[in-house]
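Student: Taken in sequence, the protein lines are chains A and B.
Each position in the first sequence, counted from 1, maps to that position plus 33 in this note's numbering.
Each position in the second sequence, counted from 1, maps to that position plus 33 in this note's numbering.
By construction, these hints were calculated from the structure, which means they are not laboratory data.
All values derive from a computational prediction rather than experimental measurement.
Treat the hints with caution; some may be incorrect.
Repeated chains share a single entry, so a pair holds when one copy, or any two copies, can fit it.
Stated by the list, open to error - Straight-line Cα separation of at most 30 Å, DSBU-like style, residue types lysine-lysine; simulated pairs:
| id | residue 1 | residue 2 |
| --- | --- | --- |
| 1 | Lys-470 | Lys-101 |
| 2 | Lys-101 | Lys-377 |
| 3 | Lys-139 | Lys-400 |
| 4 | Lys-139 | Lys-470 |
What follows is the residue order along each chain.
There are 2 protein chains.
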Amino acid sequence: MVQATALTRNEDGIGLALGILKQQFGERFQTGASIREQHAHTTTWIMNQPPDGVVFAQSTQEVSEIVKACAAHDVPIIAFGTGTSLEGQVNAPAGGISIDVSQMNKVLEVNAGDLDCRVQPGVTRMALNTHLRDQGLFFPIDPGADASIGGMAATRASGTNAVRYGTMKDNVLSLEVVLPNGEIIRTASRARKSSAGYDLTRLMVGSEGTLGIITEVTLRLQGIPEAISAASCSFPTVEAACEAVMAVIQYGLPVARIELLDALVVKAVNAYSKLTLPETPLLLLEFHGSDAGVAEQAETFGALAAEFGGTGYAATTTAEERNKLWQARHDAYWAMLALRPGSKAVATDVCVPISKLAEAVVGANNKAAELGLIAPVVGHAGDGNFHASLLLDMDNPVEVANAEIYVSWLNDQAIALGGTCTGEHGIGQGKRPYLVKELGGAVDVMVAIKQALDPQGIMNPGKILP
Amino acid sequence: MVQATALTRNEDGIGLALGILKQQFGERFQTGASIREQHAHTTTWIMNQPPDGVVFAQSTQEVSEIVKACAAHDVPIIAFGTGTSLEGQVNAPAGGISIDVSQMNKVLEVNAGDLDCRVQPGVTRMALNTHLRDQGLFFPIDPGADASIGGMAATRASGTNAVRYGTMKDNVLSLEVVLPNGEIIRTASRARKSSAGYDLTRLMVGSEGTLGIITEVTLRLQGIPEAISAASCSFPTVEAACEAVMAVIQYGLPVARIELLDALVVKAVNAYSKLTLPETPLLLLEFHGSDAGVAEQAETFGALAAEFGGTGYAATTTAEERNKLWQARHDAYWAMLALRPGSKAVATDVCVPISKLAEAVVGANNKAAELGLIAPVVGHAGDGNFHASLLLDMDNPVEVANAEIYVSWLNDQAIALGGTCTGEHGIGQGKRPYLVKELGGAVDVMVAIKQALDPQGIMNPGKILP
Numbered sequence: 034m035v036q037a038t039a040l041t042r043n044e045d046g047i048g049l050a051l052g053i054l055k056q057q058f059g060e061r062f063q064t065g066a067s068i069r070e071q072h073a074h075t076t077t078w079i080m081n082q083p084p085d086g087v088v089f090a091q092s093t094q095e096v097s098e099i100v101k102a103c104a105a106h107d108v109p110i111i112a113f114g115t116g117t118s119l120e121g122q123v124n125a126p127a128g129g130i131s132i133d134v135s136q137m138n139k140v141l142e143v144n145a146g147d148l149d150c151r152v153q154p155g156v157t158r159m160a161l162n163t164h165l166r167d168q169g170l171f172f173p174i175d176p177g178a179d180a181s182i183g184g185m186a187a188t189r190a191s192g193t194n195a196v197r198y199g200t201m202k203d204n205v206l207s208l209e210v211v212l213p214n215g216e217i218i219r220t221a222s223r224a225r226k227s228s229a230g231y232d233l234t235r236l237m238v239g240s241e242g243t244l245g246i247i248t249e250v251t252l253r254l255q256g257i258p259e260a261i262s263a264a265s266c267s268f269p270t271v272e273a274a275c276e277a278v279m280a281v282i283q284y285g286l287p288v289a290r291i292e293l294l295d296a297l298v299v300k301a302v303n304a305y306s307k308l309t310l311p312e313t314p315l316l317l318l319e320f321h322g323s324d325a326g327v328a329e330q331a332e333t334f335g336a337l338a339a340e341f342g343g344t345g346y347a348a349t350t351t352a353e354e355r356n357k358l359w360q361a362r363h364d365a366y367w368a369m370l371a372l373r374p375g376s377k378a379v380a381t382d383v384c385v386p387i388s389k390l391a392e393a394v395v396g397a398n399n400k401a402a403e404l405g406l407i408a409p410v411v412g413h414a415g416d417g418n419f420h421a422s423l424l425l426d427m428d429n430p431v432e433v434a435n436a437e438i439y440v441s442w443l444n445d446q447a448i449a450l451g452g453t454c455t456g457e458h459g460i461g462q463g464k465r466p467y468l469v470k471e472l473g474g475a476v477d478v479m480v481a482i483k484q485a486l487d488p489q490g491i492m493n494p495g496k497i498l499p
Numbered sequence: 034m035v036q037a038t039a040l041t042r043n044e045d046g047i048g049l050a051l052g053i054l055k056q057q058f059g060e061r062f063q064t065g066a067s068i069r070e071q072h073a074h075t076t077t078w079i080m081n082q083p084p085d086g087v088v089f090a091q092s093t094q095e096v097s098e099i100v101k102a103c104a105a106h107d108v109p110i111i112a113f114g115t116g117t118s119l120e121g122q123v124n125a126p127a128g129g130i131s132i133d134v135s136q137m138n139k140v141l142e143v144n145a146g147d148l149d150c151r152v153q154p155g156v157t158r159m160a161l162n163t164h165l166r167d168q169g170l171f172f173p174i175d176p177g178a179d180a181s182i183g184g185m186a187a188t189r190a191s192g193t194n195a196v197r198y199g200t201m202k203d204n205v206l207s208l209e210v211v212l213p214n215g216e217i218i219r220t221a222s223r224a225r226k227s228s229a230g231y232d233l234t235r236l237m238v239g240s241e242g243t244l245g246i247i248t249e250v251t252l253r254l255q256g257i258p259e260a261i262s263a264a265s266c267s268f269p270t271v272e273a274a275c276e277a278v279m280a281v282i283q284y285g286l287p288v289a290r291i292e293l294l295d296a297l298v299v300k301a302v303n304a305y306s307k308l309t310l311p312e313t314p315l316l317l318l319e320f321h322g323s324d325a326g327v328a329e330q331a332e333t334f335g336a337l338a339a340e341f342g343g344t345g346y347a348a349t350t351t352a353e354e355r356n357k358l359w360q361a362r363h364d365a366y367w368a369m370l371a372l373r374p375g376s377k378a379v380a381t382d383v384c385v386p387i388s389k390l391a392e393a394v395v396g397a398n399n400k401a402a403e404l405g406l407i408a409p410v411v412g413h414a415g416d417g418n419f420h421a422s423l424l425l426d427m428d429n430p431v432e433v434a435n436a437e438i439y440v441s442w443l444n445d446q447a448i449a450l451g452g453t454c455t456g457e458h459g460i461g462q463g464k465r466p467y468l469v470k471e472l473g474g475a476v477d478v479m480v481a482i483k484q485a486l487d488p489q490g491i492m493n494p495g496k497i498l499p
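Let the hints inform the model, and build the full structure from the sequences given.
Tutor: The structure is reproduced here in structure tokens:
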């Protein structure tokens, strides 16, 4: 495990808060070692730093009361949805209280006429889509994991559909937030746009629980498209695949998904999902629209892909074939792990301007080879966002050290290419040094905002900021 | 004119700043009454409150130096682009220095492969589109006036195309900003998405010059569509037209523009533009896409409109007919003024959930009639945003008093319907009381941010916040 710095603990305050919460919440307040560890970081390679207790909140009012109790004794507060964050966001480096919102899982309101809904933060994206399906609606953001909507908002999540539907920043209309002093605010109205003052919605989206606890989310929804078509296309090189992606974006083709799998991932997928794809870089696509519209999009993509040496291109509109194709993509994580049984997969998450994507991915492939690392790449290519997954033997210190060199190099390269060290996973604990490299003096503004809103520094300390 | 509260002036500091700036900028620093009045509020009914001097800045470095000079002497700073804001944003209620960025009008970089560009804040949207045309690109945000990109970012502008392309919040990738202490920051990388810390880009977009001065803007661009088609359709009632709009949005039809003109506006447009449209509520539309795509969109709209009593529906793809149709919309302001020669037009700007649009517009029509006011309505209907333009005899105090009652009622109604007092014009001076009505305790968070970033309170004082 990679060490995460421990912060100074306020033992007296924590002791007092534990007593108060135990008395108020009874069985809904837990301090067992196992449950506390489950509520700290459990993904990838950052060490687990458990909170001192976990409260299962059931209402905004309860969240407010917990925050007030913690604020009264200077005790850290960490919000917890499903625990699928990847950069140590739920760790408790100074101890404190984890507020688990998984029982706040109601869809409070669906306004079909306005294509919006209001949900509690513990609703997961799959649960929401199950709820919406009968009304012909869906919520498009798909970060892979069945994450909670509150957590997705807090990390500014996105995923495979972002090229068409945007990220959480584009799909959250309004938030209810409990501030560090326990006050409850609503950041915006339900109007589809507004120029009413500072954009607190966007300030809270991506703030990773460091400015407040999200207790309600109002989301934009989409109508389920009349037709959906999927396709795959092989390319001789990563460069050729990336050039095809750039052509798609420049053409304005409204692809719903355009995912890049490098040759190593295709090899892994073939082995895992019993497929026979050519083991060269692959683009997987999805088109949404009318019957005629998706047919036209598929045809246009075929013509563009051919210009860049695309082969084996085939589009399908049957749900069965489409699901088979995308299942392979969704299983890519397991397929990659199977490349090296027993290894730990460490996710990276850089995002660059699309014109730099080929350079960034080829560079990442070469750097992995140079360092003797196995690091297959999948990418949300239409956004310039890609994940090299390091498959590591965590018991081999030389390999772990090389992986740290690789991650550092990868983030620095993305920044040098005009991109970001995180397209969608957030900063958390893992990427704090890179935030400063990426944004320089702008980070001082973030620190000033943090101090203004959370002068005690109790909201998810040790995350995002230096 | 409606009074705008004057704030306390720091006479000594202003005197010192005037001396310093005169020495440093010579002829590029002006203090004549006429130029100062031109740099204060000149639109609609809020009184003119001129700054003490106007500096024509030519670089980020110069803006930084001006800000440092003003900060050293506690002197207010007001950024100025084209002066087309509508809520008194450029007034100087405590005096101070107007920084005119109209000479910072270079397109610094166009990255066609990434569909983005970097511009100075004084570039206007029309100048930008002229610059981009040869490369097959365009910047879609169209607030009507040929506003500066910096000003559009500062007020979170949008306009007719927002239903498809979003607002400035969705189309600004990154900003360079001079902070209240003169430091220069960049808010984000050029990547299309990022989860790197607090979203300072969106915090600055819509902050109306109260947190810093925007000195560069990195924008998302669009490819000019292969085909563009326009259409108009008459409806028996506002309700019927709004129901058709709701059907379009629910269907997911990607209309580029869908504008509502109420019967009074149609009457005005007929008279002004020599047209013979039925004098009932009208929807004006534009479709962007492939040839087949726009044809399909137009056909689908026709079918939806027919369900709600739409008549006289015709779509056209010829540029000449399309321009004629949209010219009528663009001339609506002049057409409305001609309804009452010599009157002053006062713009309103509420935005409600689309399901509430009919109720809001009909209510606005009825309220105007009740108060004996002439207030034709045009709306960016796909967003639920509409403007009732009050045509006022400013010499009639009863009428002006009734207009104030109307505006107050209109904003309160929008808030009560789950909407906002401003869809795209911003808060400025005019809407400060409504911001608190709309967002309550969230405004305290805005105040805390303002105090953290601008503790001296020198950036555009008297705007947005209570």
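Student: Now tell me, hint by hint, if it's right for this structure.
Tutor: A quick look at each hint next to the structure:
Taking CA atoms no more than 30 Å apart as the test, Lys-470 paired with Lys-101 passes between copies only; the shortest distance there is 26 Å, against 35 Å inside one copy. Taking CA atoms no more than 30 Å apart as the test, Lys-101 paired with Lys-377 passes in neither setting, with 39 Å inside one copy and 52 Å between copies. Proximity of Lys-139 and Lys-400 under a CA criterion of 30 Å is satisfied in neither setting, with 46 Å inside one chain copy and 39 Å between copies. In this homomeric assembly, Lys-139 and Lys-470 come within 30 Å of each other (Cα to Cα) only across copies, at 28 Å, whereas the closest approach inside a single copy is 40 Å.
When the structure is compared with the earlier hints, violations turn up for hints 2 and 3 and for no others.
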